[in-house]
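Fit chain G to the supplied structure of chain L, relying on the hints for placement.
Number of protein chains: 2
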Amino acid sequence: MFSKFQNHIVSRFPFLENQKIFLAVSGGLDSMVLLHLLKQLPYEIAVLHCNFQLRGLESFGDQNFIQEYCDQNNIPIYTTQFDTDAFAKDYKLSTQVAARELRYSWFYELLETKNFDYILTAHHADDNLETFIINLTRGTGLEGLIGIPEQNDRIIRPLLPFSREEIFKYAEDNNIEWREDSSNASNKYLRNKIRHDLVPMLKEINPNFLNAFQKTQSYLQESQAMVEDASIMIYQQVAKEEGDDIHFDLNQLKKLPNYKSYLYQWLNEFGFLAWNDIYDLVDGQSGKQVLSSEFRLLKNRNILILSPISEMSEKEEFEINANDTEVNFPLKLKLCNVSHITIDSNKAIFVDAEKIQFPLVLRKWKEGDVFYPFGMEGKSKKVSKLFKDEKLSLIEKEKMWILCSDNQIVWVVGIRQDDRFRIENTTNRILKIELES
Amino acid sequence: MFSKFQNHIVSRFPFLENQKIFLAVSGGLDSMVLLHLLKQLPYEIAVLHCNFQLRGLESFGDQNFIQEYCDQNNIPIYTTQFDTDAFAKDYKLSTQVAARELRYSWFYELLETKNFDYILTAHHADDNLETFIINLTRGTGLEGLIGIPEQNDRIIRPLLPFSREEIFKYAEDNNIEWREDSSNASNKYLRNKIRHDLVPMLKEINPNFLNAFQKTQSYLQESQAMVEDASIMIYQQVAKEEGDDIHFDLNQLKKLPNYKSYLYQWLNEFGFLAWNDIYDLVDGQSGKQVLSSEFRLLKNRNILILSPISEMSEKEEFEINANDTEVNFPLKLKLCNVSHITIDSNKAIFVDAEKIQFPLVLRKWKEGDVFYPFGMEGKSKKVSKLFKDEKLSLIEKEKMWILCSDNQIVWVVGIRQDDRFRIENTTNRILKIELES
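Those sequence lines, one after another, are chains L and G. Residues in the first sequence are numbered consecutively from 1, following our numbering. Residues in the second sequence are numbered consecutively from 1, following our numbering.
Treat the hints with caution; some may be incorrect.
Identical copies go unnamed one by one, so any copy, or any two together, can satisfy a pair.
[Unchecked claim] Okay, derived cross-link-like pairs now, SDA-like style, lysine to any residue, Cα gap no bigger than 25 Å in a straight line:
{"id": "1", "residue 1": "Lys260", "residue 2": "Arg154"}
{"id": "2", "residue 1": "Lys364", "residue 2": "Gly378"}
{"id": "3", "residue 1": "Lys254", "residue 2": "Lys391"}
{"id": "4", "residue 1": "Lys4", "residue 2": "Arg154"}
{"id": "5", "residue 1": "Lys193", "residue 2": "Pro207"}
{"id": "6", "residue 1": "Lys260", "residue 2": "His8"}
{"id": "7", "residue 1": "Lys260", "residue 2": "Gln214"}
{"id": "8", "residue 1": "Lys254", "residue 2": "Gln221"}
{"id": "9", "residue 1": "Lys254", "residue 2": "Arg154"}
{"id": "10", "residue 1": "Lys203", "residue 2": "Gly144"}
{"id": "11", "residue 1": "Lys215", "residue 2": "Leu256"}
{"id": "12", "residue 1": "Lys255", "residue 2": "Asn152"}
{"id": "13", "residue 1": "Lys255", "residue 2": "Gln221"}
{"id": "14", "residue 1": "Lys260", "residue 2": "Ser11"}
{"id": "15", "residue 1": "Lys254", "residue 2": "Ser218"}
The hints are simulated quantities; they were obtained by calculation from the structure and are not laboratory data.
The following block holds chain L by itself, in its conformation from the complex (with noise of 0.2 Å):
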């Protein structure tokens, strides 16, 4: 006869049978209770065990412990070690962030290698209160009330809606031998706190209150779907991206009432920290803006650019050579020699060979470039003025490349020739130098 557990698992997941299923097992109690309550099933199972480092002999015990139980049951069991310190500083994250992400990686990765369909794993309701109420002692946002979903995508969790005290039953009713985890202390101390004494008192006010509690939960997760939706139709309305770049209309976003926190649902994921400054954007002067450590908002008058920050170093110079006919880097630009000017554009230009001394240099434009402009009979004009004349960006600016000879502008690339350099009635050789976009 299967337990209330496995009767909840076989009709909740009809769609298990006959898959192959992992079941990650850490070798703690609710871990050990979802593999002896699934190895009783007619499923085909295999364990993932990661080993963390980073309760040294302890972690190689849990391996070892779990090995074991594996091999007396014959069970299938995949291991994996992780230097999980040395990735959580490396991504500036937290443990406990560094472990997730190296944990779901790992199974998502097993998934695909061996060809399983689902992970379960056993985080059951005081799991998700628990946490719930870490978060509130915190402040948080809705994300961090909605708690751990019982299923999503191929990852399942079965024992969701059973509290602790029933799985601990359980195990003591079968006999489930477990390891108790001895790290992350102040966590522990934390969540020892909330389960022993504020949990209880919350179920002394009403007896049933991890149902509530879960039902709460359910209403959350709808909530947080519904705030989703509307971020998706409102950044549809909104936010048009172009190559790398995504721009935000200001025109429409001031609109909203609510806007602030559609740009932070909008850019949350990108870095920034600065939120005040981010929202004082939107008012301020053309030209402001606000980085993260890889992405840069800019304002440019009626909208927001974001955009990745270019990992070129402004002064890096690249050099073409006399024989080159192709420049694939940092711009593609082809070279040749014709016998006249065929068709006139911003994309290509014609010069003198004879005047240009090679190598030839592609270069960052910077503050008080000078140049003389094709057709402006001889009169100079700073590059930072041609700039504000067609109106560029400032990340439009940035992305501007200057081509050189001999420390002189030969073209402002995509936008101006300069003058010194075209050919004229006594030039022998063209040389016309195209940019490919």
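What follows is chain G alone, placed relative to chain L:
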């Protein structure tokens, strides 16, 4: 020198300057502090006090206490008394909800009649926290967690950032007197348990808990606003208002994976309770319906139709006399003698005036109604069959009227005339009966 409370009020709500401001004062700690704070500020204030008559003499004691305080301090005061229990019973509300309804509707009425600008209430941070926890223990949605806002419309709650402790300290420091409220003992017990046991524990976990919590609530309020945005945007895509009815396009609706959340948002205010039945309607049989006390939700092919349940009795009949030239209720009809048939449409019939017998009677159709449709060569037909052929929805059928002469059907109004009363070669007088829409 102003207190921190007063500084907050002046800087946070600068628009209150030169406005006429009501203070809602119960006589308890919080509102007496609010009154004390406000009477020192250069605003024009008046006090509002509701006597809900829920605690007999004690309620009148509160009223007298405030009346005396205002008289001594030369503050205008308006009081009113409600039979809260009777109101709660009449409208099937909890005492608490009834009191809130009565209070706020009286507040808004006085804003209008006394020509005041704002109402200030004394809610503070712990009120919001306690309500949050109470709702949490009972199971709630996002709306139950967002708390009462600092301002909605013309109601302002300037003490919301402050804790009960801070307010209590101010009262002590300034020798403010107040009345203790002994009411609502069961709710008091719950609030006291939360106030004295649970909240201190949360503050032990994080001494800054109340601040963190306020941040949480402001995030949740933002989320709630976005939920409402989504609800409105999807409504505009899916719903169409037709007279008193609302039609929801199920083909559109079912494209949303979370359409149930939207149905809940839209239909909640119409008093429905049987949510699973409503969700089942979406894929249910055409013709099925779910009722609330005043509304009906009907599945009709690919549409869900929401309509008010007509208060018209099914049995009511309306007579039309020989000299009537028009009928205004329950339908608009025009009757006139004509010399010949003009335009033929379903909206008008021409009958042989000598065949009919006044008073004509307008009544709802009933099961078993039979008539002889015009043009069917004397064959009879059930009215229900006619409706079926015409593909009328249940609601459309319910709106149908029958015009009778001496219990014989003359016209299924707007749809089909009876053959027995049509004009013939022998007709002397033609009566035109026209439906005006």
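Tested hints:
When the C-alpha separation of Lys260 and Arg154 is checked against a cutoff of 25 Å, the pair qualifies only between copies, where the shortest distance is 23 Å, while the shortest distance within a copy is 34 Å. Taking the closest pair of Cα atoms, Lys364 and Gly378 come within 25 Å of each other only inside a single copy of the chain (24 Å); across copies the shortest separation is 94 Å, beyond that limit. Taking identical chains as interchangeable, the C-alpha atoms of Lys254 and Lys391 lie at most 25 Å apart only when both belong to the same chain, with a minimum of 23 Å there against 47 Å between chains. For a Cα distance limit of 25 Å, the shortest separation of Lys4 from Arg154 inside one copy, 23 Å, qualifies, whereas the shortest one across copies, 54 Å, does not.
For the homomeric pair Lys193 and Pro207, the shortest alpha-carbon distances inside one copy (19 Å) and between copies (15 Å) are both at most 25 Å. For the identical chains of this complex, Lys260 and His8 are inter-copy neighbours only, at 24 Å across copies versus 43 Å inside a copy, given an alpha-carbon limit of 25 Å. Taking the closest pair of Cα atoms, Lys260 and Gln214 come within 25 Å of each other only across two copies (18 Å); inside a single copy the shortest separation is 30 Å, beyond that limit. Taking the shortest alpha-carbon separations for Lys254 and Gln221, only the inter-copy value of 19 Å comes in at or below 25 Å, while the best intra-copy value is 28 Å.
Proximity of Lys254 and Arg154 under a CA criterion of 25 Å is satisfied inter-copy only: 24 Å between copies versus 39 Å inside one chain copy. For the homomeric pair Lys203 and Gly144, the shortest alpha-carbon distances inside one copy (22 Å) and between copies (19 Å) are both at most 25 Å. When the C-alpha separation of Lys215 and Leu256 is checked against a cutoff of 25 Å, the pair qualifies only between copies, where the shortest distance is 22 Å, while the shortest distance within a copy is 32 Å. When the C-alpha separation of Lys255 and Asn152 is checked against a cutoff of 25 Å, the pair qualifies only between copies, where the shortest distance is 20 Å, while the shortest distance within a copy is 35 Å.
In this assembly of identical chains, Lys255 and Gln221 lie within 25 Å of each other by CA distance solely across copies; the values are 19 Å between and 28 Å within a copy. In this assembly of identical chains, Lys260 and Ser11 lie within 25 Å of each other by CA distance solely across copies; the values are 22 Å between and 44 Å within a copy. Proximity of Lys254 to Ser218 under the C-alpha cut-off of 25 Å is restricted to the inter-copy arrangement: shortest distance 20 Å between copies versus 32 Å within a copy.
Every hint, counting from the list given before, is met by this structure.
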